[in-house]
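Student: Using the sequences and the hints given, assemble the complete structure.
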Amino acid sequence: MTMLPRRTILKGGIALAAMPALSGIALGQEKLKVGFAYLAVPGDYGWTYAHDQGANDLIKALGDKIEVTKVENVGESGPNVERVLRELAQQGNKLIFATTFGHMEAAVKVSAEFPDVIFEHCTGFKTAPNLGTYNARFYEGRAVIGTIAGHMSKAGVGGYLASFPIPEVVMGIDAFCLAARKVNPNFTLKVIWLNTWFDPAKEADAARALLDQGVDVITQHTDSPAPVQVCEERGAICFGQASDMASFGPNACLTSIVDNWGPHYIRATQAVLDGTWVSAQPWEGLKEGVVLVTPYNAKVPAEVAAAADAVKQGQIDGSLHIFTGPIKDKDGNEMVAAGQTPDDGFLLGLQTYVEGVQA
Amino acid sequence: MSPDLAVAIVVAIVGVSTPILLAALGELVVEKAGVLNLGVEGMMLMGAVIGFAMAASTGNPWLGVLAAAVAAALGALIFGFLTLSLSANQVATGLALTIFGTGFSALAGKAFLGKTIPVFGAVFPPELAQHPFGRVFFGYSPIVYFSLFMVVAVWWFLTRTRAGLILRAVGENDASAHSIGYSVVGVRYGAVAFGGAMAGVAGAYFSMVGTPMWAENLTAGRGWIALALVVFAAWRPYRLLAGAYLFGAVMTLELHAKAAGGWFSVVPPEAWAALPYLATIFVLVAISMRRSGSTSAPACLGKPFLPTA
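Protein sequences, first through last, are from chains B and S. Per numbering that gives the first Met the number 0, the first sequence starts with residue 0, numbered consecutively. Per numbering that gives the first Met the number 0, the second sequence starts with residue 0, numbered consecutively.
Dumping the calculated EDC-like pairs for lysine to aspartate or glutamate here, alpha-carbon to alpha-carbon at most 16 Å:
1. Lys114(S) with Glu231(B)
2. Lys114(S) with Asp243(B)
3. Lys108(B) with Glu86(B)
4. Lys302(S) with Glu171(S)
5. Lys108(B) with Glu81(B)
6. Lys32(B) with Asp115(B)
What the hints contain is simulated information worked out from the structure, not anything from laboratory work. A quick note: this is a predicted structure, and the numbers were derived from the prediction, not measured.
Tutor: Below is the structure:
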């Protein structure tokens with residue numbers, strides 16, 4: 000509710016600009032100004048933290064040629080988003096990253112107003128000549144942790160802390176449940192929708208509620224490490240989200256799915272510097288290293304680790320797609336026919352739950 | 000429903016209700032003195048980060064709670080100086096305090112991101128809390144018992160002591176209190192500092208008991224619920240207690256209804272989520288329909304006091 004944005008204006012180039020003799024190229028040449036609009040704050044240890052790590056990787060790689068402005072707490076939606084994007088464009092940023100799904104309409108509108116500014120929008124699907132999107136195949140990571148959950152859940156009942164009912168999140172729920180049911184066909188998944196990306200107390204309370212209701216493995220698509228902490232306290236198992244959360248649950252956290260945006264930010268910025276940027280919709284995953292799975296907890300038995308690695312490797316070399324049929328929806332109707340693999344459009348519009356999901 | 004689940008639900012409700020109760024209780028005293036401090040959320044965050052920092056550095060959770068109370072009280076005194084000594088607008092200054100507290104806590108907490116501390120948990124020996132029904136009474140953090148004690152203490156102070164009477168007089172009719180020789184500004188400073196300290200302990204509950212870690216915006220808007228609760232309770236401590244537990248129960252049952260599915264989910268989760276707000280509106284309507292026409296709000300609430308003589 001405190002949605003007034005606090006500005007953290009970070010002049011990425013300052014340190015290097017102070018040493019022009021070393022950087023050389025920057026002398027007399029105007030730096031490319033790059034803007035980031037963050038959903039929340041880097042301190043969330045989740046989604047925004049991961050984007051901030053990516054932005055820092057970008058500064059490390061190209062800091063002598065660019066100047067980075069980060070705006071925190073822009074929010075998921077509302078008039079603030081449009082205002083921040085417009086202000087970033089007015090301040091001379093020539094490349095602007097809008098880092099959450101809810102920024103889509105604002106990015107479409109503002110990019111039309113500033114045709115000479117390049118916009119990149121994370122996880123969206125609308126584009127323009129100066130508006131591209133970028134996304135990561137998080138569901139590939141979910142398939143890996145779902146495999147582990149299927150092996151390690153004694154109750155055969157998992158809990159899933161979900162944020163907003165958008166295709167991105169439904170895709171993760173389905174991929175996790177499909178992978179777990181390949182191991183244990185009776186596995187079921189209880190989903191709690193929290194209608195927030197970040198509310199540590201609510202996330203923790205929801206994790207407790209799930210554990211009280213007989214769940215013994217918890218996965219989250221919300222951003223705080225609070226659920227991991229609850230699982231540690233209760234002796235349950237869980238998986239970290241967006242960044243490595245092992246430090247919050249040395250015994251509980253079996254692995255984390257890490258969003259690694261750095262390589263994309265560096266590539267996109269380099270393309271703008273070179274004048275080769277074109278509007279595109281990259282959707283990369285485990286293969287390209289945009290989605291990482293952290294090393295497994297020592298608690299994961301060798302054969303389970305091997306099974307998880309096989310799922311990971313299969314997705315990297317393309318031999319496995321978790322959404323390959325036959326897949327039934329939660330009411331038992333056919334969703335994907337046997338042997339068929341749906342296209343990306345199907346995934347990006349996904350609204351139905353697979354068999355075993357209770358939401 | 001098994002007894003174990005019922006107990007787990009009760010324990011969860013207490014956990015959700017305690018910080019809201021603490022913060023609202025502090026704000027109740029502040030408003031009884033005629034001051035509206037909308038900075039509860041900011042003060043909670045200050046308490047949360049300082050409490051965590053102190054507990055993490057010294058290893059002593061009691062010192063953490065104390066530091067949280069002191070830090071948030073100091074934050075409240077900034078508000079006090081601006082609104083009481085300089086007669087700044089209370090609404091604007093309170094909102095500014097929330098923004099300040101949010102920013103301050105983010106800055107102060109940078110070094111503590113990603114760290115954890117042991118839960119500031121059960122104060123009674125675990126044997127007492129072993130039986131499920133024992134757990135309902137003996138399974139909580141000291142802060143929970145403190146919050147319940149403070150409900151009684153605040154009620155007793157406001158209704159049974161001379162100092163409480165003076166505080167209420169200052170809130171109901173500042174000019175009269177002033178004319179018979181009481182220091183309106185002095186009393187209000189005291190109330191504002193108390194409100195800050197309580198908000199600080201509420202914040203510490205988040206960072207030390209509920210989710211023993213520091214993350215920016217850890218309290219995620221609970222301070223605003225506390226503010227609404229004071230109005231809901233019509234400025235009465237016991238009604239505040241009932242209100243906090245009602246809000247807590249609704250927030251907890253919503254999650255359990257979603258987790259349980261089955262017959263539990265006959266009531267749509269959205270209806271659960273809307274319930275506290277519907278209840279607040281209902282109470283406000285009920286209050287304003289009473290014959291006396293009084294809203295039971297302190298008469299001088301939010302008005303700056305400028306001594307003329």
